[in-house]
Amino acid sequence: MSKDVKAQEAKNPMEDFLRMDRIPHIWCSGCGIGVVVTSFVDALRKSEIDLNKVAIVSGIGCTGRVAGYVKLDSFHSTHGRAIPFATGLKLGNPEMQVVVFSGDGDIAGIGGNHFVHAARRNMDILVICVNNFNYAMTGGQVAATSPINANLSTAPYGNFEYPFSLPYLADACGATYVARWTCLHIRRVTMSIQEAFQKKGFRFIEVIAPCVTLYARRNRLGDGLNLLKYYHDNSEIRHGADTRTLDIGYQGKMIVGKFVDREKPPFLECMNTHMKKALGDKYVPYGE
Amino acid sequence: MKKLKVDPKGVLTGAHYLDGDFAIAEGALAAGCRFFAGYPITPSTETAERFAERIPFVGGIFIQMEDEIASVTALIGASWAGKKAMTVTSGPGFSLMMENIGLAAMMETPIVIANVQRGGPSTGLPTLVGQQDMMQVRWGSHGDYKIIALSPDSPQECFDLTIQAFNLSETYRVPTFIMTDECVGHMHEKVVIPPADKIEVVERKWYEGPKEKYLPYKPDKDMIPFMVKAGDGYRFHTTGLTHDERGYPVINAECQDWVVRHLNDKITKNAEKIIKYEEEQTDNAEVVVVSYGITSRVAYRAVQLARKAGIKVGTLRLITVWPFPEKRIKELAKKVKAFVVPEINYGQMVLEVERAAAGKAPAILVPHCGGWVHNPEDILKAIKEAAK
Ligand SMILES: Cc1ncc(C[n+]2csc(CCOP(=O)(O)OP(=O)(O)O)c2C)c(N)n1
Ligand code: SF4
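Sequence order for the protein chains is A and B.
Once you know that position 45 of the first sequence is 45 in my numbering, the rest is easy, because the numbers rise by one and skip nothing.
Count along the second sequence from 1, then add 1000; that gives the number in my numbering.
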């Protein structure tokens, strides 16, 4: 057998983790979402976690399609509602590792209130948010994360609204783990996800990723490679940085790293501890 | 459907004096509901409060979510984790739930929602009765789908029909509704809760075949696909997008046709099995009063008065409001002079009576815009008019 044929027959290491019968995927070439999926799959493999006990929930958007491609119990819910869906799933089966994988519009725009409250309750879920600075699926509209002066289809003269800094928001709401990377930092994203798998409570990882077709084209930022170069030149790793200092200006500097890593009992543990104290032996513990 | 052994921890066997809202919570616990997510709203809040008070002694989850959108969506997640899940709300909250009621319908997820109706539109009459969401429950989310809705007329029925609602929801994999109203919700009456072994609860249709063969949307002989639980190793997919048997999105007219027909037909073709109503003296009636919920109790007074006045009046009380018992109305329409339909709205279920009667007999609406129940005299007047 020639080397070439062998290489062709060799199984792609991602095959066990992806729904190969759904490939090719819908993402544009040069899109950053796939890179984050690769890191996620890599983290699943390296964590040697029981895949039968991991669920993935997405909302709607380009990133929202991730749930459809990953071979786990996977739920493609409604726009903005991945977090409450995941909340029900996690509380319904507490032994599962529940991951929300969705876009910035989904998680911080329409779903912002759920994000805030799930973090406040310290719901035991891992939220991976692909931030491409716009609403991509619907054609590049302004988002709650769009930098000031960026041009978007519904901000055709440039955005003038203050954007969210997602790590700051997550931190302020009480998340136990907060990190930000760009999709240039593939290995660090993987490590962050692995680390987050080991932790309990509301864990949040933001990954800044290029939307080449809409955001980049509209703002004449070049192709995927140009954007990765921008990430390379303008991102600075600063672990433990004060989350109040993480704003991202248009084509400006991006502070990345792990900002928060704290221990705090998650929702169910709080419930069981509290109820045992309040009700004694009469309490029937749940999900322990 | 397989019968499920009822967990006695949830069953408060005995005779109680409960309001309808409390009875819904007790019905849910008896049915094995162990997940409740909700957001406070008058006049439904007591159900949530009761559940929150009781669940720590039974073992399960009560969670007050940030809004009704989150509440109903959390139910869908919990249901896929294998839990029987419910929420309760009223007008404004019901409106907020609509998009994800559609998701539950599309994902064919069993969930139960009680709507303790108050007067609308908008904030309307927070503390006063209405029956104005009867069409919203049927049509409220976008797209074509069907649901099941029941309407209790007493606290006892709130208990009984909540168990029924869970059984139907599990059997047909469909969101199922308890469409009660402020009067029944806040009315205190005797509620008898039977011993656990006398309560009939059905088991969800779990898939038991080989793992790799599981198809979440392949209809079984009775049209209802098998379900599995997240975490059991099937690694399945489900989506709110138009999907094939595998649950994979397929965006074309052909697949859309398959999905939409299925979501509708599984209810329509099983309608005779689902529908329940209560009929009295319709055999040689000239007039039949069609009503539901609190209004059927008020109408009963008018019916008694009309009978005293020598009018042959029958009654048909809807227990299942959706699917609507159109076959029965059609039969009656051939025999009666007219239907009288009192409801606490400006004309909703009357449209269904009219449609089913198909011109064979008129349907006379006795509207009430909400805030209080009818004066029986108004219904009596309509009966007299109808008998002419
Ligand atoms: C309730 C509702 N409103 C609007 C939409 C249309 N919509 C679909 S995706 C999307 C935005 C997606 O943006 P984001 O979450 O940032 O994901 P991306 O596509 O950028 O990955 C919108 C507005 C919808 N599906 N549902
Ligand atoms: S539109 Fe943008 S975000 Fe969506 S797939 Fe294409 S590049 Fe990716």
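A hint or two may mislead.
[Said to hold, decoys possible] The calculated BS3-like cross-link candidates involving lysine-lysine, where the alpha carbons are at most 30 Å apart (straight line), are: (1) A:Lys282 / B:Lys1211; (2) B:Lys1276 / A:Lys53; (3) A:Lys53 / B:Lys1229; (4) B:Lys1337 / A:Lys282; (5) B:Lys1198 / B:Lys1213; (6) B:Lys1003 / A:Lys53; (7) B:Lys1266 / A:Lys282; (8) A:Lys11 / B:Lys1211; (9) B:Lys1276 / A:Lys200; (10) A:Lys282 / B:Lys1276; (11) B:Lys1211 / A:Lys46; (12) B:Lys1005 / A:Lys276; (13) B:Lys1009 / A:Lys11; (14) B:Lys1276 / B:Lys1266; (15) A:Lys53 / B:Lys1337; (16) B:Lys1213 / A:Lys46; (17) A:Lys276 / B:Lys1229.
Bear in mind the hints are in silico, worked out from the structure with no lab data behind them.
Here's how the hints hold up against the structure:
1. A:Lys282 / B:Lys1211: violated, 39 Å
2. B:Lys1276 / A:Lys53: violated, 41 Å
3. A:Lys53 / B:Lys1229: holds, 11 Å
4. B:Lys1337 / A:Lys282: Not satisfied, since the Cα-Cα distance of roughly 61 Å exceeds 30 Å.
5. B:Lys1198 / B:Lys1213: Violated, at about 37 Å.
6. B:Lys1003 / A:Lys53: Status holds; Cα separation ~28 Å.
7. B:Lys1266 / A:Lys282: Given pair Lys1266 of chain B, Lys282 of chain A is violated - Cα atoms ~43 Å apart, limit 30 Å.
8. A:Lys11 / B:Lys1211: holds, 22 Å
9. B:Lys1276 / A:Lys200: violated, 48 Å
10. A:Lys282 / B:Lys1276: violated, 39 Å
11. B:Lys1211 / A:Lys46: holds, 25 Å
12. B:Lys1005 / A:Lys276: Holds, at roughly 28 Å.
13. B:Lys1009 / A:Lys11: violated, 51 Å
14. B:Lys1276 / B:Lys1266: holds, 17 Å
15. A:Lys53 / B:Lys1337: The given pair, whose Cα atoms are some 62 Å apart, is violated under the 30 Å limit.
16. B:Lys1213 / A:Lys46: It holds: about 28 Å lies between the C-alpha atoms, which stays within 30 Å.
17. A:Lys276 / B:Lys1229: holds, 29 Å
In summary, the structure is inconsistent with hints 1, 2, 4, 5, 7, 9, 10, 13, 15 from the numbered list given earlier, while agreeing with the others.
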